[in-house]
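J.: Sequence:
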Amino acid sequence: MNIIPVIMAGGNGSRLWPLSRVLYPKQFLRLEGEHTMLQETVLRLTGLVCTAPLVICNEDHRFLVAEQLRAINQLTGNIILEPVGRNTAPAIALAAMTALAQGEDALLLVLAADHVIRSPDAFIQAVQAAQVHADAGKLVTFGIVATAPETGYGYIRRGAALAQPGYTVAQFVEKPDLDTARHYLETGDYYWNSGMFLFRASRYLAELKAFRPDIYAACEQALGNPSLDMDFVRVDKTAFMACPDDSIDYAVMEKTQDAVVVPLDAGWSDVGSWSSLWEISPKAADGNVQQGDVLYHDSHNNYVYAESALVSLVGVEDLVVIQTKDATLVAHRDRVQEVKKIVDSLKRDGRTEHHVHREVYRPWGKFDGIDKGERFQVKHITVKPGEKLSLQMHHHRAEHWIVVAGTAKVTCGDTVSLLTENQSTYIPLGQTHSLENPGKIPLELIEVQSGTYLGEDDIVRFEDRYGRT
1368 MNIIPVIMAG
1378 GNGSRLWPLS
1388 RVLYPKQFLR
1398 LEGEHTMLQE
1408 TVLRLTGLVC
1418 TAPLVICNED
1428 HRFLVAEQLR
1438 AINQLTGNII
1448 LEPVGRNTAP
1458 AIALAAMTAL
1468 AQGEDALLLV
1478 LAADHVIRSP
1488 DAFIQAVQAA
1498 QVHADAGKLV
1508 TFGIVATAPE
1518 TGYGYIRRGA
1528 ALAQPGYTVA
1538 QFVEKPDLDT
1548 ARHYLETGDY
1558 YWNSGMFLFR
1568 ASRYLAELKA
1578 FRPDIYAACE
1588 QALGNPSLDM
1598 DFVRVDKTAF
1608 MACPDDSIDY
1618 AVMEKTQDAV
1628 VVPLDAGWSD
1638 VGSWSSLWEI
1648 SPKAADGNVQ
1658 QGDVLYHDSH
1668 NNYVYAESAL
1678 VSLVGVEDLV
1688 VIQTKDATLV
1698 AHRDRVQEVK
1708 KIVDSLKRDG
1718 RTEHHVHREV
1728 YRPWGKFDGI
1738 DKGERFQVKH
1748 ITVKPGEKLS
1758 LQMHHHRAEH
1768 WIVVAGTAKV
1778 TCGDTVSLLT
1788 ENQSTYIPLG
1798 QTHSLENPGK
1808 IPLELIEVQS
1818 GTYLGEDDIV
1828 RFEDRYGRT
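Here the sequence shown is numbered in our numbering, starting from 1368 and rising by one per residue.
Take these hints with a grain of salt, some might be off.
[Claimed, not checked] Lysine to aspartate or glutamate pairs mimicking EDC-like chemistry, simulated, CA-CA at most 20 angstroms apart: (1) 1746 - 1788; (2) 1576 - 1625; (3) 1807 - 1788; (4) 1739 - 1825.
In short, the hints are calculated from the structure, not lab data.
Start from the sequences, fold in the hints, and give me the full structure.
T.: Next comes the structure, spelled out in C-alpha coordinates:
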(Lines of atoms letter the chains of each structure in order from A and count residues from 1; the text may use other names and numbers.)
(Lines give C-alpha, C1' and ligand atoms only; values in the text may rest on other atoms or scores of the structure.)
Protein backbone atom coordinates (compact mmCIF):
# COMPACT_ATOMS: atom_id res chain seq x y z
CA MET A 1 0.00 0.00 0.00
CA ASN A 2 1.24 3.48 -0.85
CA ILE A 3 2.62 5.71 1.92
CA ILE A 4 1.89 9.42 2.10
CA PRO A 5 4.14 11.24 4.60
CA VAL A 6 2.26 13.83 6.65
CA ILE A 7 4.65 16.39 8.13
CA MET A 8 3.39 18.49 11.02
CA ALA A 9 5.09 21.86 10.65
CA GLY A 10 2.96 23.97 12.97
CA GLY A 11 3.94 25.26 16.38
CA ASN A 12 5.56 28.41 17.69
CA GLY A 13 7.84 27.07 20.40
CA SER A 14 10.31 29.34 22.13
CA ARG A 15 12.66 26.80 23.76
CA LEU A 16 15.40 27.58 21.23
CA TRP A 17 15.11 31.36 21.56
CA PRO A 18 16.69 33.59 20.31
CA LEU A 19 17.01 31.53 17.11
CA SER A 20 13.43 30.32 17.36
CA ARG A 21 10.76 33.03 17.12
CA VAL A 22 6.98 33.02 16.72
CA LEU A 23 7.32 33.77 13.00
CA TYR A 24 10.41 31.58 12.60
CA PRO A 25 10.11 28.52 14.88
CA LYS A 26 12.66 25.75 15.18
CA GLN A 27 11.36 23.53 12.37
CA PHE A 28 12.57 26.18 9.91
CA LEU A 29 16.02 26.58 11.48
CA ARG A 30 19.29 25.37 9.99
CA LEU A 31 20.91 24.14 13.20
CA GLU A 32 23.72 22.31 11.44
CA GLY A 33 24.63 21.50 7.89
CA GLU A 34 22.96 23.00 4.83
CA HIS A 35 19.34 22.00 5.42
CA THR A 36 16.66 23.11 7.85
CA MET A 37 14.89 20.71 10.18
CA LEU A 38 11.84 20.64 7.89
CA GLN A 39 14.02 19.88 4.89
CA GLU A 40 15.88 17.15 6.79
CA THR A 41 12.54 15.55 7.70
CA VAL A 42 11.60 15.38 4.02
CA LEU A 43 15.02 14.27 2.80
CA ARG A 44 15.31 11.35 5.22
CA LEU A 45 12.34 9.78 3.41
CA THR A 46 14.56 9.17 0.36
CA GLY A 47 15.03 5.49 1.21
CA LEU A 48 11.30 4.89 1.56
CA VAL A 49 8.84 4.14 -1.23
CA CYS A 50 6.35 6.97 -0.76
CA THR A 51 4.69 9.93 -2.46
CA ALA A 52 5.48 13.61 -2.02
CA PRO A 53 4.60 14.64 1.55
CA LEU A 54 1.60 16.59 2.73
CA VAL A 55 2.86 19.42 4.94
CA ILE A 56 0.54 21.02 7.49
CA CYS A 57 1.41 24.46 8.77
CA ASN A 58 -0.25 27.62 9.97
CA GLU A 59 -1.10 30.61 7.84
CA ASP A 60 1.76 32.80 9.07
CA HIS A 61 4.41 30.31 7.95
CA ARG A 62 3.00 29.42 4.52
CA PHE A 63 5.56 31.19 2.34
CA LEU A 64 8.44 30.02 4.51
CA VAL A 65 7.31 26.39 4.13
CA ALA A 66 6.80 26.81 0.38
CA GLU A 67 10.25 28.28 -0.12
CA GLN A 68 11.97 25.55 1.91
CA LEU A 69 10.13 22.82 -0.01
CA ARG A 70 10.89 24.52 -3.32
CA ALA A 71 14.58 24.58 -2.45
CA ILE A 72 14.64 20.75 -2.29
CA ASN A 73 12.21 20.20 -5.21
CA GLN A 74 9.39 18.98 -3.00
CA LEU A 75 6.78 21.70 -3.64
CA THR A 76 3.80 20.12 -5.40
CA GLY A 77 0.77 22.07 -4.17
CA ASN A 78 1.07 19.93 -1.06
CA ILE A 79 0.73 22.43 1.80
CA ILE A 80 -2.41 22.37 3.95
CA LEU A 81 -2.97 25.60 5.86
CA GLU A 82 -4.47 25.69 9.33
CA PRO A 83 -6.15 29.07 9.90
CA VAL A 84 -5.71 28.50 13.64
CA GLY A 85 -3.87 25.85 15.67
CA ARG A 86 -6.11 23.05 16.95
CA ASN A 87 -3.49 20.44 17.94
CA THR A 88 -2.56 17.19 16.23
CA ALA A 89 -5.84 15.24 16.10
CA PRO A 90 -7.61 17.76 13.81
CA ALA A 91 -4.47 18.43 11.76
CA ILE A 92 -4.04 14.73 10.97
CA ALA A 93 -7.75 14.48 10.18
CA LEU A 94 -7.33 17.19 7.54
CA ALA A 95 -4.48 15.21 5.99
CA ALA A 96 -6.43 11.95 6.06
CA MET A 97 -9.50 13.53 4.47
CA THR A 98 -7.32 15.20 1.83
CA ALA A 99 -5.69 11.86 0.99
CA LEU A 100 -9.07 10.15 0.63
CA ALA A 101 -10.36 13.04 -1.51
CA GLN A 102 -7.43 12.42 -3.84
CA GLY A 103 -8.80 8.93 -4.38
CA GLU A 104 -6.43 6.82 -2.33
CA ASP A 105 -6.80 5.18 1.07
CA ALA A 106 -3.06 5.33 1.64
CA LEU A 107 -1.00 4.74 4.74
CA LEU A 108 -0.21 8.02 6.45
CA LEU A 109 3.26 8.35 7.96
CA VAL A 110 2.81 11.17 10.47
CA LEU A 111 6.04 12.97 11.37
CA ALA A 112 7.02 16.11 13.23
CA ALA A 113 9.07 18.63 11.25
CA ASP A 114 11.33 19.48 14.20
CA HIS A 115 12.87 16.14 15.20
CA VAL A 116 16.46 14.99 14.71
CA ILE A 117 17.10 11.39 13.61
CA ARG A 118 20.77 10.48 13.39
CA SER A 119 20.27 7.10 11.71
CA PRO A 120 17.90 7.43 8.71
CA ASP A 121 18.47 3.75 7.83
CA ALA A 122 17.20 2.59 11.23
CA PHE A 123 14.24 4.93 10.83
CA ILE A 124 13.36 3.46 7.41
CA GLN A 125 13.64 -0.07 8.81
CA ALA A 126 11.24 0.79 11.64
CA VAL A 127 8.74 2.27 9.18
CA GLN A 128 8.92 -0.87 7.04
CA ALA A 129 8.31 -3.02 10.14
CA ALA A 130 5.36 -0.82 11.11
CA GLN A 131 3.88 -1.07 7.62
CA VAL A 132 2.97 -4.73 8.20
CA HIS A 133 0.78 -3.74 11.16
CA ALA A 134 -0.70 -0.68 9.46
CA ASP A 135 -1.62 -2.76 6.40
CA ALA A 136 -3.56 -5.02 8.79
CA GLY A 137 -5.59 -2.07 10.11
CA LYS A 138 -3.58 -1.24 13.22
CA LEU A 139 -2.68 2.25 14.37
CA VAL A 140 1.08 2.21 14.88
CA THR A 141 3.10 4.56 17.03
CA PHE A 142 6.89 4.60 17.19
CA GLY A 143 8.37 4.20 20.66
CA ILE A 144 11.85 5.60 21.13
CA VAL A 145 14.20 3.20 22.90
CA ALA A 146 14.91 5.11 26.12
CA THR A 147 18.55 5.87 26.95
CA ALA A 148 18.03 7.98 30.08
CA PRO A 149 15.35 8.62 32.74
CA GLU A 150 13.90 11.62 30.91
CA THR A 151 11.17 13.55 32.71
CA GLY A 152 10.29 15.74 29.73
CA TYR A 153 8.73 12.99 27.59
CA GLY A 154 5.55 10.98 27.79
CA TYR A 155 6.06 7.20 27.78
CA ILE A 156 4.44 4.16 26.16
CA ARG A 157 4.28 0.86 28.07
CA ARG A 158 4.47 -2.13 25.77
CA GLY A 159 2.18 -5.12 26.05
CA ALA A 160 2.33 -8.49 24.33
CA ALA A 161 4.91 -9.12 21.61
CA LEU A 162 3.47 -9.58 18.12
CA ALA A 163 4.44 -12.02 15.38
CA GLN A 164 6.04 -9.20 13.39
CA PRO A 165 8.38 -6.73 15.15
CA GLY A 166 6.27 -4.68 17.54
CA TYR A 167 4.03 -4.89 20.60
CA THR A 168 0.50 -4.12 21.58
CA VAL A 169 0.21 -0.86 23.51
CA ALA A 170 -0.56 -1.53 27.16
CA GLN A 171 -0.64 2.09 28.32
CA PHE A 172 0.23 5.68 27.47
CA VAL A 173 1.63 7.47 30.52
CA GLU A 174 2.24 11.15 31.23
CA LYS A 175 5.61 12.77 31.86
CA PRO A 176 6.95 11.13 35.04
CA ASP A 177 8.97 12.42 37.97
CA LEU A 178 12.62 11.36 38.11
CA ASP A 179 12.16 8.28 40.34
CA THR A 180 9.34 7.01 38.13
CA ALA A 181 11.39 7.62 34.99
CA ARG A 182 14.25 5.61 36.48
CA HIS A 183 11.84 2.76 37.18
CA TYR A 184 10.59 2.89 33.58
CA LEU A 185 14.14 2.68 32.29
CA GLU A 186 15.02 -0.27 34.56
CA THR A 187 12.02 -2.38 33.48
CA GLY A 188 12.77 -2.05 29.77
CA ASP A 189 9.02 -2.08 29.07
CA TYR A 190 8.67 1.65 28.42
CA TYR A 191 9.49 3.77 25.41
CA TRP A 192 9.56 7.52 24.93
CA ASN A 193 6.50 8.72 23.08
CA SER A 194 7.84 10.09 19.77
CA GLY A 195 4.62 11.54 18.37
CA MET A 196 5.18 9.68 15.08
CA PHE A 197 2.55 7.34 13.63
CA LEU A 198 1.65 5.08 10.72
CA PHE A 199 -1.91 4.05 9.86
CA ARG A 200 -4.36 3.85 7.00
CA ALA A 201 -6.22 7.13 6.43
CA SER A 202 -9.66 5.50 6.69
CA ARG A 203 -8.75 3.65 9.91
CA TYR A 204 -7.67 6.84 11.65
CA LEU A 205 -10.82 8.65 10.56
CA ALA A 206 -13.02 5.73 11.66
CA GLU A 207 -11.48 5.77 15.14
CA LEU A 208 -11.65 9.56 15.33
CA LYS A 209 -15.31 9.49 14.33
CA ALA A 210 -16.02 6.85 16.98
CA PHE A 211 -14.22 8.60 19.85
CA ARG A 212 -14.37 12.28 18.89
CA PRO A 213 -17.23 12.78 16.43
CA ASP A 214 -17.14 16.53 17.15
CA ILE A 215 -13.58 16.82 15.80
CA TYR A 216 -14.42 14.63 12.83
CA ALA A 217 -17.49 16.68 11.93
CA ALA A 218 -15.67 20.01 12.24
CA CYS A 219 -12.82 18.86 10.00
CA GLU A 220 -15.22 17.38 7.48
CA GLN A 221 -17.05 20.70 7.29
CA ALA A 222 -13.79 22.65 7.07
CA LEU A 223 -12.75 20.57 4.05
CA GLY A 224 -16.20 20.57 2.48
CA ASN A 225 -15.16 23.15 -0.10
CA PRO A 226 -11.38 23.61 0.04
CA SER A 227 -9.81 26.36 -2.04
CA LEU A 228 -6.52 26.02 -3.89
CA ASP A 229 -4.32 29.11 -3.62
CA MET A 230 -0.96 28.82 -5.37
CA ASP A 231 0.80 25.98 -3.51
CA PHE A 232 -1.69 25.89 -0.63
CA VAL A 233 -4.90 24.09 0.29
CA ARG A 234 -7.09 26.39 2.37
CA VAL A 235 -9.87 25.09 4.60
CA ASP A 236 -12.95 26.94 5.80
CA LYS A 237 -11.74 29.19 8.61
CA THR A 238 -15.03 29.49 10.50
CA ALA A 239 -15.62 25.73 10.52
CA PHE A 240 -12.07 24.94 11.62
CA MET A 241 -12.10 27.55 14.36
CA ALA A 242 -15.11 25.72 15.82
CA CYS A 243 -13.10 22.48 15.99
CA PRO A 244 -12.09 21.32 19.50
CA ASP A 245 -8.40 21.37 20.40
CA ASP A 246 -7.04 17.90 21.16
CA SER A 247 -3.97 15.74 20.55
CA ILE A 248 -4.03 12.46 18.67
CA ASP A 249 -2.92 10.69 21.86
CA TYR A 250 -5.91 11.85 23.89
CA ALA A 251 -8.44 11.77 21.05
CA VAL A 252 -7.58 8.39 19.50
CA MET A 253 -4.47 6.49 20.55
CA GLU A 254 -5.34 6.15 24.25
CA LYS A 255 -8.85 4.93 23.38
CA THR A 256 -8.40 2.60 20.42
CA GLN A 257 -8.07 -1.16 20.85
CA ASP A 258 -5.81 -1.38 17.81
CA ALA A 259 -2.73 0.54 18.95
CA VAL A 260 0.67 -1.03 18.24
CA VAL A 261 4.11 0.28 19.22
CA VAL A 262 7.19 -0.38 17.08
CA PRO A 263 10.53 0.34 18.80
CA LEU A 264 12.74 2.97 17.16
CA ASP A 265 16.44 3.22 18.01
CA ALA A 266 17.70 5.76 15.49
CA GLY A 267 19.40 8.55 17.40
CA TRP A 268 16.14 10.45 17.88
CA SER A 269 15.75 13.80 19.65
CA ASP A 270 12.96 16.35 19.69
CA VAL A 271 15.61 19.06 20.30
CA GLY A 272 13.59 20.42 23.18
CA SER A 273 16.32 22.70 24.49
CA TRP A 274 19.80 24.03 23.76
CA SER A 275 21.26 21.46 26.15
CA SER A 276 19.64 18.60 24.23
CA LEU A 277 21.14 19.96 21.02
CA TRP A 278 24.57 20.01 22.69
CA GLU A 279 24.07 16.40 23.80
CA ILE A 280 23.35 15.04 20.32
CA SER A 281 25.90 17.16 18.41
CA PRO A 282 29.42 16.01 17.45
CA LYS A 283 31.89 17.59 19.87
CA ALA A 284 35.48 18.74 19.69
CA ALA A 285 38.06 17.24 22.04
CA ASP A 286 37.30 19.96 24.61
CA GLY A 287 33.58 19.12 24.53
CA ASN A 288 32.64 22.31 22.72
CA VAL A 289 30.04 22.48 19.94
CA GLN A 290 30.12 25.50 17.69
CA GLN A 291 28.34 26.98 14.69
CA GLY A 292 29.75 30.12 13.06
CA ASP A 293 32.74 32.30 13.94
CA VAL A 294 33.84 31.22 17.44
CA LEU A 295 37.15 31.42 19.36
CA TYR A 296 37.90 29.62 22.65
CA HIS A 297 40.57 29.82 25.32
CA ASP A 298 40.53 27.32 28.19
CA SER A 299 36.78 26.70 27.76
CA HIS A 300 34.99 23.36 27.78
CA ASN A 301 31.61 21.69 27.13
CA ASN A 302 29.94 24.79 25.71
CA TYR A 303 27.39 25.17 22.90
CA VAL A 304 28.01 28.34 20.87
CA TYR A 305 26.05 29.61 17.88
CA ALA A 306 27.36 32.76 16.19
CA GLU A 307 25.05 34.02 13.47
CA SER A 308 26.65 37.27 12.36
CA ALA A 309 29.64 38.19 14.56
CA LEU A 310 32.69 36.73 16.27
CA VAL A 311 31.94 35.15 19.66
CA SER A 312 34.88 34.54 22.03
CA LEU A 313 34.91 32.47 25.23
CA VAL A 314 37.63 32.58 27.90
CA GLY A 315 37.81 30.31 30.95
CA VAL A 316 34.18 29.16 30.98
CA GLU A 317 32.41 25.82 30.76
CA ASP A 318 28.94 24.32 30.45
CA LEU A 319 27.49 27.44 28.83
CA VAL A 320 25.08 28.01 25.97
CA VAL A 321 25.86 31.19 24.00
CA ILE A 322 23.56 32.10 21.12
CA GLN A 323 24.28 35.25 19.10
CA THR A 324 21.80 36.57 16.50
CA LYS A 325 21.61 39.93 14.74
CA ASP A 326 19.29 41.41 17.37
CA ALA A 327 19.67 39.31 20.53
CA THR A 328 22.24 37.29 22.50
CA LEU A 329 21.55 34.54 25.02
CA VAL A 330 24.06 33.37 27.65
CA ALA A 331 22.82 30.54 29.88
CA HIS A 332 24.13 27.63 31.91
CA ARG A 333 23.42 24.35 30.13
CA ASP A 334 21.60 23.04 33.19
CA ARG A 335 19.16 25.96 33.19
CA VAL A 336 18.26 26.45 29.54
CA GLN A 337 14.65 25.42 30.22
CA GLU A 338 14.32 28.79 31.92
CA VAL A 339 14.76 30.59 28.59
CA LYS A 340 10.96 30.82 28.53
CA LYS A 341 11.23 33.28 31.45
CA ILE A 342 13.10 35.67 29.14
CA VAL A 343 10.53 35.15 26.40
CA ASP A 344 7.72 35.87 28.88
CA SER A 345 9.50 39.11 29.87
CA LEU A 346 9.78 40.18 26.22
CA LYS A 347 6.06 39.61 25.72
CA ARG A 348 5.18 41.43 28.94
CA ASP A 349 7.31 44.43 27.96
CA GLY A 350 5.77 44.70 24.50
CA ARG A 351 9.05 43.95 22.72
CA THR A 352 9.34 42.11 19.40
CA GLU A 353 12.47 39.95 19.80
CA HIS A 354 10.38 36.89 20.71
CA HIS A 355 8.11 37.33 17.71
CA VAL A 356 10.26 38.07 14.69
CA HIS A 357 13.91 38.16 13.66
CA ARG A 358 15.64 41.29 12.41
CA GLU A 359 15.81 39.42 9.09
CA VAL A 360 12.25 38.80 7.87
CA TYR A 361 11.26 36.42 5.07
CA ARG A 362 8.58 37.23 2.52
CA PRO A 363 7.31 35.23 -0.49
CA TRP A 364 9.31 37.48 -2.83
CA GLY A 365 12.55 37.35 -0.79
CA LYS A 366 13.56 38.94 2.51
CA PHE A 367 14.56 42.15 4.26
CA ASP A 368 16.97 42.89 7.09
CA GLY A 369 16.36 45.87 9.38
CA ILE A 370 19.85 47.39 9.49
CA ASP A 371 19.15 50.52 11.53
CA LYS A 372 16.27 52.64 12.81
CA GLY A 373 15.61 55.86 14.66
CA GLU A 374 12.66 58.02 15.62
CA ARG A 375 11.83 59.09 12.05
CA PHE A 376 13.93 56.80 9.85
CA GLN A 377 14.55 53.14 9.12
CA VAL A 378 17.14 51.43 6.90
CA LYS A 379 16.59 48.00 5.34
CA HIS A 380 18.60 45.65 3.15
CA ILE A 381 16.08 44.16 0.71
CA THR A 382 16.64 41.01 -1.38
CA VAL A 383 14.19 40.17 -4.18
CA LYS A 384 14.44 36.74 -5.81
CA PRO A 385 14.71 36.52 -9.62
CA GLY A 386 11.31 36.85 -11.27
CA GLU A 387 9.54 37.94 -8.09
CA LYS A 388 7.57 41.14 -7.47
CA LEU A 389 6.39 43.06 -4.42
CA SER A 390 2.77 44.17 -4.33
CA LEU A 391 1.52 47.39 -5.92
CA GLN A 392 1.13 49.45 -2.75
CA MET A 393 1.26 52.81 -1.06
CA HIS A 394 2.07 54.21 2.40
CA HIS A 395 0.23 56.94 4.28
CA HIS A 396 3.03 57.92 6.64
CA ARG A 397 6.41 57.33 4.99
CA ALA A 398 8.48 58.06 1.91
CA GLU A 399 11.18 55.71 0.62
CA HIS A 400 14.55 55.95 -1.12
CA TRP A 401 15.82 52.88 -2.99
CA ILE A 402 19.49 52.34 -3.91
CA VAL A 403 20.35 49.31 -6.06
CA VAL A 404 23.57 47.58 -5.03
CA ALA A 405 23.28 44.42 -7.18
CA GLY A 406 21.01 43.19 -9.96
CA THR A 407 18.29 45.02 -11.85
CA ALA A 408 15.15 46.64 -10.40
CA LYS A 409 11.95 47.29 -12.34
CA VAL A 410 10.31 50.16 -10.47
CA THR A 411 6.74 51.34 -10.85
CA CYS A 412 6.11 54.77 -9.30
CA GLY A 413 2.69 56.15 -10.15
CA ASP A 414 2.38 55.98 -13.95
CA THR A 415 6.15 55.76 -14.52
CA VAL A 416 7.98 52.45 -15.02
CA SER A 417 11.79 52.45 -15.03
CA LEU A 418 14.75 50.07 -14.84
CA LEU A 419 17.51 50.70 -12.30
CA THR A 420 20.88 48.96 -12.19
CA GLU A 421 23.79 48.92 -9.76
CA ASN A 422 24.49 52.29 -8.02
CA GLN A 423 21.31 53.89 -9.36
CA SER A 424 18.55 55.12 -7.04
CA THR A 425 14.99 56.41 -6.96
CA TYR A 426 12.59 58.20 -4.62
CA ILE A 427 9.05 57.06 -3.70
CA PRO A 428 7.04 60.02 -2.31
CA LEU A 429 4.63 59.57 0.58
CA GLY A 430 1.20 58.46 -0.69
CA GLN A 431 2.46 57.39 -4.15
CA THR A 432 1.48 53.97 -5.51
CA HIS A 433 4.56 51.90 -6.30
CA SER A 434 5.94 48.40 -6.78
CA LEU A 435 9.33 46.71 -7.09
CA GLU A 436 10.17 43.77 -9.34
CA ASN A 437 13.27 41.74 -10.17
CA PRO A 438 13.21 41.00 -13.92
CA GLY A 439 16.75 39.60 -13.89
CA LYS A 440 18.42 36.22 -13.38
CA ILE A 441 20.26 37.06 -10.15
CA PRO A 442 18.93 38.30 -6.78
CA LEU A 443 18.16 42.00 -6.63
CA GLU A 444 19.86 43.67 -3.67
CA LEU A 445 18.96 47.18 -2.62
CA ILE A 446 19.12 49.50 0.35
CA GLU A 447 15.84 51.12 1.36
CA VAL A 448 15.78 54.25 3.52
CA GLN A 449 12.36 55.03 4.97
CA SER A 450 11.51 58.39 6.52
CA GLY A 451 8.27 59.59 8.06
CA THR A 452 6.11 59.87 11.14
CA TYR A 453 5.22 56.15 11.32
CA LEU A 454 7.34 53.26 9.99
CA GLY A 455 5.36 50.16 10.99
CA GLU A 456 4.84 47.24 8.60
CA ASP A 457 1.07 47.73 8.87
CA ASP A 458 1.29 51.05 6.98
CA ILE A 459 0.82 49.25 3.66
CA VAL A 460 -2.23 49.54 1.41
CA ARG A 461 -2.01 46.82 -1.26
CA PHE A 462 -3.80 47.21 -4.60
CA GLU A 463 -2.41 44.21 -6.51
CA ASP A 464 -0.51 41.22 -5.13
CA ARG A 465 0.45 37.94 -6.80
CA TYR A 466 0.62 36.24 -3.38
CA GLY A 467 -3.02 36.87 -2.43
CA ARG A 468 -2.34 39.44 0.31
CA THR A 469 -4.63 42.24 -0.92
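J.: Each of the hints needs a verdict: does it hold here or not?
T.: For each hint, the structure was consulted:
Of the pairs offered as hints, the one joining residue 1746 and residue 1788 holds, with about 17 angstroms between alpha carbons and a cut-off of 20 angstroms not exceeded. A threshold of 20 angstroms between alpha carbons decides the hint, and for residue 1576 with residue 1625 the separation of about 15 angstroms falls inside it, so the pair holds. Simply put, residue 1807 and residue 1788 have alpha-carbon atoms about 14 angstroms apart, close enough for the 20 angstroms limit, and the pair holds. Among the hinted pairs, residue 1739 with residue 1825 is consistent with the structure: their alpha-carbon atoms are about 16 angstroms apart, no more than 20 angstroms.
The structure is consistent with each of the numbered hints, conforming to all of them.
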